[in-house]
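A.B. asks: Take a look at the letters that make up each chain.
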Amino acid sequence: MARVGRSWIAAWSAFLLCSSPAGAQPHAISAPRAAPPDNGNWEMPGKNYASTRFSAMRQVTPANVRKLGIAFTFSTGTNRGFEAPPLVVGGTMYLVTPFPNYLYALDLTKPGAPAKWTFKPKPAAAAQGVACCDVVNRGAVHSKGRIIFNTLDGQTIAVDAKSGRQVWRTRLGNIQKGETITMAPLVANGKVIVGNSGGEMGVRGWIAALDEGSGRLAWKAFHTGPDRDVLIGSRFKPFYAMDRGKDLGVKSWPPEAWKIGGATAWGWISYDPALGLIYYGTSNPGPWNPDQRPGDNKWSTGIFARDVNTGQAVWFYQSSPHDLFDHDDINESILADIPWRGGRRPVLLRPGRNGFFYVMDRRTGQVLSATPYGYINSAKGVDLRSGRLIPVKEKEPRQGRVTRNICPAAPGAKDWNPAAFSPVTGLVYIPHINLCMDMGAMEANYIAGTPYVGADVKMYAGPGGNRGVFTAWDPLRRRKVFEIKEDLPLWSPALATAGGVVFYGTMDGWFKAIDARSGKLLWRFKTGSGIIGQPISYRGPDGRQYIAVVAGVGGWAGAIVSGKLDPRDPTAALGFVNAVKDLPSKTTAGGMLYVFALPR
Amino acid sequence: MSSRFRASCLAAAVLVAVLVACDREERRSRSKPIGENVPAGATPDTIYAGGGPGPALDPRAALYDNNAPAIADGQQLYMRMNCVGCHSHGGGGMGPALMDDEWRYGGRIDQVASTIAEGRPNGMPAWRGRLTDDQIWKLAAYVRTLSGQPSKDSVASRADAMSAGAPQTLTPREPAHTSDSAQQ
Amino acid sequence: MSDAIRRSDLLEGWRRRAGANEAERRAHEEEERRLAELRKKIARDGPKLKGAKLEARLMRSWERPRGIVGWLATVDHKEIGRRYIVTALVFLALGGLLAVLMRLQLSRPDNNLIGAARFNELFTMHGTTMMFLFAVPVMEGVAVYIIPLMLGTRSTAFPRLNAFSYFMYLFGGLLLWGAFALNIAPDVGWFAYTPLSGPQFSPGKRSDIWAQMVTFTEVSALSAAVVLVTTILKCRAPGMTLARMPLFAWAMLVVGVMIIFSMPSVALASSMLISDRLVGTHFFNQWEHGDALLWQHLFWFFGHPEVYIIFLPATGFVSVICETFCRRPVFGYPVVVLALVSTGILAFGLWVHHMFATGLPRVGYSFYTAASMTVAIPTGLQIFCWLATMWDGRPRFQVPMLYVVGFIVTFVIGGLTGVIIASVPLDLQLHDTYFIVAHFHYVLIGGAVFPLLGILTYWFPKITGRMMSEGLGKITFWMIFLGFQLAFFPMHIAGLSGMPRRVYTYPAGLGLELPNLLSSIGGLVVATAVLLFVINGVVSLYRGAVAPDNPWDAASLEWAARSPPPPYNFAHIPVVASRTPLWDEKGELPVVTGLRVDDKEMLTTTVVAATPEMREPLPAASLWPLIAALATAVLFISSIFSPWAVAVGAVPVAIALIAWFWPKEIKREPEPVIT
Amino acid sequence: MTSRRAAAASLPLLLCACQYQTYQSALGDAGVEDRQFLILFWIFFAICAAMYALVIAFLVAAIVRRRRAGNANVVESGRHHESHPLMRTGLVCWTVLVSTGLAALAIASFIADRSMAKAAAREQLSITVTANQWWWDVRYNSSDPSKTLRTANELHLPVGVPVRIQLRSNDVIHSFWVPSLAGKQDLIPGRDTDVTIVPKRTGIFRGQCAEFCGVQHAHMALVVNVVSYGDFVRWWEHQLQPAATPRMPLAQAGYNYVTQRECAMCHTIAGTPASGRVGPDLTHLASRRSLAAGTTPMGKGNLYGWVADPQSMKPGSKMPTVGLEPDELHAVVAYLETLK
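Residue numbers (the working numbering), protein chains in the order written: chain V, 1 to 600; chain R, 1 to 184; chain G, 1 to 675; chain F, 1 to 340.
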């Protein structure tokens with residue numbers, strides 16, 4: 001443990017002791033060095049390398065949150081799913097939109113935050129045809145005076161933060177093969193880490209590092225194929241036997257299937273500067289129809305730890321070997337140091353897509369615990385000795401027959417929208433979904449640049465009838481502390497603040513503030529469109545705490561609105577439409593930034 | 001009404017029934033002769049200034065439009081050529097919905113065929129050279145069934161697949177608007 | 001019958017209730033007086049009223065109206081039976097023509113005479129026509145014609161239902177063949193297995209036409225079965241106890257009951273298929289947890305009894321011919337009756353042997369093997385009884401008897417191959433090969449068509465009043481018999497050599513060339529012979545020797561009527577005292593009298609002992625059965641196209657049925673018949 | 001073998017069946033199941049033939065007796081309702097005989113069935129055969145998924161090894177039937193069925209779909225090549241190799257066409273971008289014995305005919321007539337011929 005981290009923990013512990021009226025629970029969970037003290041900016045979507053989405057500002061508290069009001073708004077001019085967070089660096093806000101991926105810079109120092117400049121990357125229009133789940137973008141990142149972001153058609157672009165001029169542009173993805181890029185890059189140790197999307201299009205997944213200065217490719221690791229391609233070498237020491245062996249990326253697939261086997265990296269990357277490792281998950285194997293790909297399908301649906309400098313894999317853990325339900329493992333990894341059996345362990349906290357909350361040792365990849373945080377009937381549990389998920393036989397999709405009532409559904413218990421972790425309460429705030437599905441697998445035909453899915457899916461609300469859940473999870477005691485049932489699926493990430501208020505948005509456009517300890521609804525605001533964007537909190541040039549979020553419904557869950565899909569077809573949008581048939585009557589498409597602040 | 005008139009009416013009705021039946025059930029295992037292909041010129045209605053009349057319907061449309069075997073083949077192709085991946089069973093997904101009344105590039109069979117053959121800029125790939133013209137026409141014939149365009153006698157109620165919405169034999173016929181607003 | 005009972009019951013009840021009311025009692029007495037007056041005027045047959053005078057009066061009340069309307073409105077079972085037989089024979093000819101076409105296509109390997117799609121239509125049409133439009137209806141037709149005569153009564157029960165049944169059959173046949181003419185013939189086999197016949201794999205209306213045709217013939221067969229069962233149980237001549245009933249009547253009784261139990265199964269299946277195809281239900285969609293095998297279970301639960309529905313009447317024919325031509329009653333009458341009944345019951349336990357290759361639990365199959373073999377026992381007993389009759393009698397080998405000999409020689413082969421394919425391990429090789437084709441043609445042609453041709457020759461004089469040519473008949477028989485063996489025996493070998501059924505062609509070099517060529521030649525011979533039979537029939541109709549009432553010196557009651565019988569069949573209802581009344585009563589038959597002659601009336605008797613029970617008024621000729629059939633046809637056919645047709649089409653059907661069943665003026669005649 | 005002799009003695013017509021080729025014959029006797037079938041079949045045949053002889057003998061006797069009785073066309077009066085006592089005895093004997101015979105046959109059938117079911121338990125090789133209209137997709141399963149082998153319309157089996165074939169259907173009901181090896185088993189969509197085959201001798205055997213499955217039911221055959229175990233392993237290894245990149249310019253042009261145009265939409269050729277799964281795998285097409293599921297033998301001429309116009313060779317087949325230009329046709333055929 002580094003010194004900086006410790007002092008930070010101490011500071012927060014002190015805060016905790018004074019402020020908590022219920023008496024101090026000895027919450028010893030801490031964020032590591034990856035989460036430095038808050039400088040009031042928001043420079044990357046996860047807030048910090050530890051992906052805590054936690055703002056240390058305390059101006060907004062449960063006591064005054066009721067007075068929160070609009071500071072300013074800004075229309076992005078798009079009406080597709082808006083999943084990106086605004087970035088705030090030194091008095092300027094940067095906002096990247098869904099396709100056509102405009103990058104806006106707003107001057108926060110002036111009243112009403114007028115636009116400073118707009119950067120239009122002009123991605124290929126055809127990319128829209130290969131973007132599986134709306135033409136979203138999950139955000140940009142700021143590093144060393146540059147804003148770096150990806151475009152839908154597979155380019156990574158660095159733009160000068162001041163002038164809005166392009167510094168470099170590198171093409172990584174090939175839309176002819178169905179590759180797009182929707183994820184937010186991460187800049188770590190001088191490397192821009194980017195992964196591709198297209199697990200539904202039969203692409204071959206990879207993650208690449210570009211040199212931050214030049215945009216040149218530093219390394220690229222595939223997620224299928226021989227060890228050479230996957231950058232598996234002598235450092236690779238997976239914890240579990242199932243992940244050991246030579247060329248598993250070939251041997252755990254039928255011949256040639258690995259070439260079109262998915263396993264992309266379209267989600268979140270965390271970075272531990274102390275260990276020099278990046279952590280990220282890989283997506284589902286392609287096609288969805290599991291019949292077509294006997295074997296464990298390495299290295300899909302698992303989490304990799306890689307050396308940030310060389311890309312060499314250090315460990316891997318596969319959460320769903322031979323994935324049956326599109327349970328990508330791309331969800332965020334929150335870095336924390338927890339007490340474990342007398343000692344302290346540097347761990348990853350992962351609310352997994354398959355419904356288990358994983359606590360993993362981030363040095364070795366050992367699963368310390370895996371506990372269901374939502375309703376699961378497709379797996380019995382995780383065998384901690386072998387690390388394997390224990391599947392339920394009768395929920396296995398079969399070719400030519402619909403398997404009914406699989407929980408969680410294809411988007412999992414939680415999809416891409418990250419949880420927030422508050423070191424103050426020691427809780428992980430998980431905005432997630434409660435959907436089950438019927439799934440029928442069929443022979444998928446591979447045609448480059450077209451979907452490679454091989455399944456029909458119909459989703460619907462899980463037990464209880466509520467489609468969304470907001471859970472506050474205690475990772476130490478492995479239980480939920482409180483739970484808020486939301487009618488619509490929750491597709492927006494959470495934001496935790498040191499003031500004891502947690503924010504999230506709903507798909508019908510409510511932006512909500514709840515008490516971090518009790519879950520009590522403190523304040524809400526109805527925006528113009530459903531919220532799937534990432535809320536942030538920053539310190540404005542005037543020193544006040546601002547909360548910002550973009551309302552623009554869409555994404556996989558909101559495609560029915562943003563893509564004008566027809567609710568009469570329950571299988572539309574890979575079956576999500578069936579679960580949100582009522583959404584068009586509750587919200588409309590949009591793309592508006594809302595910034596809130598307490599009155600002066 | 002004279003009995004002769006009635007008889008001739010009856011004869012005419014029978015004749016029509018015969019012709020219609022032959023047309024709707026005729027199986028053509030052979031593709032179109034080499035050289036004929038999908039009309040590249042069947043452009044969207046919206047191209048014509050003032051919404052004036054477009055070109056006449058391609059005569060080959062009649063071979064496919066209400067032809068049950070062609071529609072059935074089209075249905076199979078729709079599944080196997082991955083149309084279903086983007087457009088689902090008409091509800092859309094990556095691609096726009098096909099069962100509603102909005103046709104960005106025209107809802108006539110030759111316009112649909114042309115859209116399939118040439119592709120469209122916002123993501124629809126071009127299939128000319130990847131599917132035969134016969135297959136493209138059949139696909140177009142099937143696509144139109146999603147919004148209830150062809151006669152209900154020539155469509156299949158369902159596929160042997162997961163039930164996806166109302167049976168096609170009961171799909172109400174959507175008026176075919178072209179929609180500029182649907183275009184981005 | 002039931003109508004009459006119900007009506008008198010109602011009357012009784014009404015009377016009891018009314019008894020308390022004095023005014024009504026007086027009215028009742030008034031009514032009684034009026035009836036007594038009426039009764040004096042009612043004419044009945046009796047010892048005094050007989051001969052030409054009686055027949056003239058009977059003729060006046062039984063004759064149907066003249067002209068086309070009368071022709072359409074007739075409820076005379078003989079006219080309906082004749083139409084049934086002629087229509088079924090036309091379908092036989094059409095189906096046979098298709099068979100010839102198929103044999104031409106298959107005469108050479110890799111032949112391209114008929115395309116694949118057309119060939120599939122041909123065998124579908126052939127199987128469907130032969131099973132649904134020929135075999136079952138022709139048996140019903142013969143029965144409808146002859147059963148009342150054989151039982152010594154004047155009509156079938158429910159004569160209008162009988163007419164309705166024929167029209168439904170006719171419309172079903174027209175639907176199928178009309179579709180064939182319009183090039184929308186079904187092409188999924190006569191068994192129409194799902195999912196091939198389902199919405200996805202059979203686009204268009206071809207399968208719907210098949211399914212609705214089945215519904216037509218089901219309604220028709222069910223109606224005819226109800227008519228026949230009621231006639232046999234309730235309308236026999238006095239004294240004809242169940243134990244004295246001719247074997248053909250026994251066979252038809254069993255068949256009627258079998259139809260009533262088996263046909264609903266296929267009607268259900270075809271309705272499920274239609275609804276899958278029309279409104280997208282999922283009965284046979286395995287994706288949504290329907291089951292493709294559900295169809296096979298339902299279909300064969302009907303399909304196997306169907307074979308016996310065709311075969312059992314033929315055993316009745318054989319018994320009839322054997323008796324007459326061996327000059328003695330059939331040996332072991334109770335054994336034959338028990339065999340018929342047990343076959344009828346066992347037939348319902350065999351359906352799974354059509355599904356041995358579907359992968360159902362294998363131990364379960366053994367039960368169906370055992371059941372399939374068991375059914376050979378009653379059939380074997382019948383064979384023995386006929387042979388014993390021949391052995392013990394003085395057989396006279398005229399044409400009908402030749403067919404019986406041909407039947408035994410041929411059918412036993414089919415029966416024994418049936419035993420072979422009842423075994424699971426053997427069936428797994430032989431199932432769906434030409435061995436099966438050979439087997440069931442031996443059973444159905446050998447077992448049903450041969451006796452049918454025999455019985456048509458036998459009853460031809462009764463039906464037409466003229467004899468068929470014996471010489472031409474013998475030539476026809478030998479051509480059919482030998483041609484049949486040539487056509488179908490090689491199919492056993494083709495099947496063993498690996499020729500699957502329902503293929504439109506086969507490659508050279510598998511050893512299939514010779515058997516197929518022989519089969520094709522044989523097929524042509526059979527076709528020629530059938531043509532000869534038709535020529536014989538047509539020529540004899542106009543030029544044949546005029547037939548006396550009992551040309552074969554047979555023993556059963558139909559020969560007591562004139563040839564051809566008058567509309568009222570018998571001037572007096574005969575009384576029976578033995579199984580072979582015409583042999584035992586050398587003089588005139590004893591008769592009952594007392595039936596009205598000024599109106600249509602028949603005598604109903606008790607089920608077992610056939611003691612007279614009541615006089616049953618019979619309905620007059622009526623167009624309503626035709627109209628009801630037309631309305632039903634419109635409903636069935638239009639429901640191929642729209643589910644709304646079921647709702648809208650039900651209105652005309654309801655109107656037609658209400659008109660048909662509209663109660664007539666109640667003629668109260670409570671006194672019993674004097675025997 | 002005794003059963004064979006019995007057959008030869010019983011009916012001359014059936015003899016000619018034995019002279020036929022056993023390529024696709026239930027009399028082929030090349031698998032354990034088929035052997036069981038043959039033994040049982042000849043037992044049944046013998047007993048049924050004896051029964052038939054008995055019936056015919058009775059019939060002849062009845063006819064002959066009639067001749068002796070003269071030509072009198074009179075009904076016996078008085079006693080004619082009574083039966084000859086001999087007949088009643090005969091009836092009882094007949095019943096006993098028939099019942100015993102049938103019981104014996106049923107027991108024989110049951111024993112044979114059980115022994116076949118037992119054989120089915122000892123699988124050593126697992127193959128999944130998926131039926132499509134109108135071809136067979138074949139997958140050799142392996143515990144090592146990367147050794148899974150996909151091919152079409154042709155099975156290679158090692159002699160003497162029990163092979164369990166899992167049967168599935170993608171569309172309608174089909175039936176898997178290789179008469180020389182074993183009985184048939186239906187492939188029913190939504191149901192899992194299987195059949196176990198133990199080939200007894202090497203050779204080439206033809207199988208065919210035995211359940212009516214639509215227009216081209218007649219042209220849905222498969223070839224089974226029973227080879228020695230060593231040959232089988234070598235064959236498997238060879239089949240796992242991806243297709244070689246062609247060197248000849250013509251074949252190169254064909255490669256470009258096949259992998260980029262219509263062909264790749266449906267067919268897979270391992271080692272190339274063509275990964276379609278709608279039609280048969282073509283990776284080692286030219287090493288197969290037949291084309292289009294047994295429609296025609298493999299050969300350059302037939303390949304030309306098939307690629308140029310499949311709809312005239314197999315009307316209604318799902319393979320469309322693409323309408324290749326002559327130079328394209330030459331190139332495509334040249335490339336396909338390299339797929340050994």
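Please note: incorrect hints may appear among the correct ones.
Unchecked claim - Derived DEER-like restraints, expressed as beta-carbon distance ranges:
(1) V/112 <-> F/256: 28 to 38 Å
(2) G/634 <-> F/256: 57 to 67 Å
(3) F/256 <-> R/121: 20 to 30 Å
(4) F/93 <-> G/588: 35 to 45 Å
(5) F/242 <-> V/162: 46 to 56 Å
The set of hints was computed from the structure by calculation and includes no laboratory data.
Just so you know, even glycine gets a beta-carbon here, dropped at the ideal spot from N, CA and C.
A.B. asks: Indicate, hint by hint, whether the structure satisfies it.
C.D. replies: So, going through the hints one by one against the coordinates:
1. With their beta carbons about 59 Å apart, residue 112 of chain V and residue 256 of chain F fall outside the hinted range of 28 to 38 Å.
2. Look at residue 634 of chain G against residue 256 of chain F: about 60 Å separates their beta carbons, and that is inside 57 to 67 Å.
3. The beta-carbon spacing between residue 256 of chain F and residue 121 of chain R, approximately 26 Å, falls within the hinted interval of 20 to 30 Å.
4. In this structure, residue 93 of chain F and residue 588 of chain G meet the distance hint of 35 to 45 Å, their C-beta atoms being roughly 43 Å apart.
5. Taking the beta carbon of each, residue 242 of chain F and residue 162 of chain V are about 52 Å apart, inside 46 to 56 Å as hinted.
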